[in-house]
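Chains as they are written, first to last, in this note's numbering: chain A, 1 to 113; chain B, 114 to 227.
FYI, nobody ran anything at the bench for these hints, they're computed from the structure. The beta carbon of each residue, even a glycine, is placed where N, CA and C say it ideally should be. Some hints could be false.
As the list claims (entries may be wrong) - Mimicking PhoX-like on lysine-lysine, the simulated pairs with C-alpha atoms at most 25 angstroms apart in a straight line are:
| # | chain 1 | residue 1 | chain 2 | residue 2 |
| --- | --- | --- | --- | --- |
| 1 | A | 49 | A | 68 |
| 2 | A | 60 | B | 184 |
| 3 | A | 60 | A | 49 |
| 4 | A | 49 | B | 116 |
| 5 | B | 170 | B | 184 |
| 6 | B | 168 | B | 184 |
To be verified - Every beta carbon over 10 angstroms from chain B, so not counted as near; a handful from chain A, in silico:
| # | residue |
| --- | --- |
| 7 | 17 |
| 8 | 41 |
| 9 | 44 |
| 10 | 54 |
| 11 | 79 |
| 12 | 103 |
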Amino acid sequence: GDSVTQMEGPVTLSEEAFLTINCTYTATGYPSLFWYVQYPGEGLQLLLKATKADDKGSNKGFEATYRKETTSFHLEKGSVQVSDSAVYFCALSLFQGAQKLVFGQGTRLTINP
Amino acid sequence: DVKVTQSSRYLVKRTGEKVFLECVQDMDHENMFWYRQDPGLGLRLIYFSYDVKMKEKGDIPEGYSVSREKKERFSLILESASTNQTSMYLCASSPVLAGELEQFFGPGTRLTVL
């Protein structure tokens with residue numbers, strides 16, 4: 001079935017470091033891909049998305065490119081801040097009566113000053 | 114500003130109790146979803162609804178039921194709570210619009226079953 005695999009966490013970095021969180025997927029058809037972020041004590045919010053191959057989603061300095069050939073959607077940021085500390089979820093969408101999301105297991109990111 | 118609210122942030126119940134988790138959205142969205150979030154497992158879909166009085170099972174519906182009597186409200190029911198239902202429960206909603214894929218999430222209810 002459809003699934004999403006993220007790199008294991010937790011990930012701890014220093015401020016201004018480069019961030020990569022890996023995400024690969026398995027899907028029938030051509031799903032849309034998402035990164036959601038969950039800040040402490042809050043629900044999830046959409047960070048960025050890409051709806052077709054080679055699309056690049058970007059927001060708040062984060063970027064991810066939909067790579068169909070490697071079935072990947074890795075999240076990157078060039079210089080992280082303490083305020084980026086959160087749990088990040090990669091997800092794909094598929095339509096089954098409604099637009100459903102399949103999530104990866106989440107990666108906890110901690111940025112130290 | 115779009116908003117999904119959940120009735121409680123924290124809830125403690127005893128084994129065997131009937132538990133109601135309420136979710137309300139003010140965006141006139143057709144679709145509503147209930148997930149549970151567990152460390153290392155991400156979010157798993159319990160039930161979803163694409164219209165009033167319509168419901169569909171998600172990936173882990175056992176031990177749960179849902180009710181959607183009004184468009185803005187989607188309730189998750191634990192008929193007889195068990196300790197393995199201790200978890201964070203997240204509600205989400207989304208519109209039915211061509212190209213609109215985002216789900217909007219509530220803050221979550223952390224349920225502990227003793």
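Hint by hint, here is what the structure shows:
no.	hint	verdict
1	A:49 with A:68	holds, 14 angstroms
2	A:60 with B:184	violated, 33 angstroms
3	A:60 with A:49	holds, 13 angstroms
4	A:49 with B:116	holds, 20 angstroms
5	B:170 with B:184	holds, 18 angstroms
6	B:168 with B:184	holds, 12 angstroms
7	17	holds, 24 angstroms
8	41	violated, 7 angstroms
9	44	violated, 4 angstroms
10	54	holds, 18 angstroms
11	79	holds, 26 angstroms
12	103	violated, 4 angstroms
Comparing the model with each earlier hint shows violations of hints 2, 8, 9 and 12; every other hint is respected.
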